[in-house]
Amino acid sequence: MTRVAVGRDIESDSLLGFVAGYRGTATTAPTATTFTTDGVNIPVNSVVGRIISTGTVFGVIQSNTSAANSVLTIDRWYAADALPATAGTAAATTPAAGTWQILPGNAPGAYMGLTATATAAVDGDTALTGEITTSGGGLIRSLATYAHTAAGTTTTLTKTFTCNGSDSLPVTVAQIGIFQGVVAAASRMIFRTVLNATMAFSLSGDQGQVTETVTL
Amino acid sequence: MPRLIPPELGNGKRPSDPLRDRGSVPVLDVSDRTHELVGALHDAALDPDDDTSLLTGTVVMLDNPNPADGSAGHVIVRVGGSTLHEAATEVIGSLGAFALGMPEWVASTSSELADVLAEHYTVKGYSTCKVIDMSEVPA
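Chains as they are written, first to last, in our numbering: chain A, 1 to 216; chain S, 1 to 139.
No lab work stands behind these hints: they were computed from the structure. Beta carbons are placed, not taken as given, at the ideal position from N, Cα and C, and that holds for glycine. Be aware that a few hints might be false.
Covered stretches of chain S, as calculated for chain A (at least 3 residues, CB under 8 Å) [stated by the list, open to error]:
#1 56-68
#2 77-85
#3 88-94
With the sequences and hints as input, model every part of the structure.
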């Protein structure tokens, strides 16, 4: 497992970044991927990876401008009580303008993506090269199952992937990535891992299970 | 990965039967009571537009009398975007990282998943796993 540079930033802010956030009342209508703070100037890219919450939804910030009205770019809108199962799940409805806040700490990451590419991971990786993104496929980025036990040293993310008729088969999966969000083109990568055994998917209905074990 | 069910003791299993298939997916040992339920809901995994059968956000708590990593207490699992079959195999796979033995109880916000797991971990003449209510989980 390679804990890439961006992943270390995410870990640092997630564990220790309990610092002041921001809040306000927006009057500019948000879009599907942007939020204008209206009257709050946030240092450029200082809240990347943090969560902006407004109305009944939240987004994971990918970048922010520094201006009288800082503009946040998010990966998408999420509903906390209905997290998207896969990259194919529709985003939550774009909220109306209104009260908002940016919470301390980075968003956690439990989305798992797959690739057939075997290229070795390096520290500066920000994407999973060749990630499978086939529309409607069963091998696209998915929310993994999280497990931990009190006082334990490890946490696992486990996902059983089931390929379907939309997948481009056969394919042999060689690596995975763990991401902060579900959007393949945007959400930031924490870990990139070469599997200890490749997974071959040949026919619709084939399954493969990946467990990413993280020692804290 | 500890073997959670000795193959010679599994429900209807022969000693040569695998505990994991070639994709390293744990083989559910639910040949009796919950087999049809798992089978029916597994078909939904082939429909990429059907999110209604997914257990996203389901919480599972499992007894862990013999922890593998020096931890204490039960294992807490939060299911991702998974069907019943996928979720069951993910919980079983997850527990393998934390446990050297089988749980004596399981609780879940999904009664179907709890039933499947309890049956999987109940091996005649070897172990019993019961479903308990979430409110009964020891603090």
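Cross-check of the supplied hints:
1. 56-68: holds (count 4)
2. 77-85: holds (count 8)
3. 88-94: holds (count 5)
Going through the hint list in order, the structure satisfies each hint without exception.
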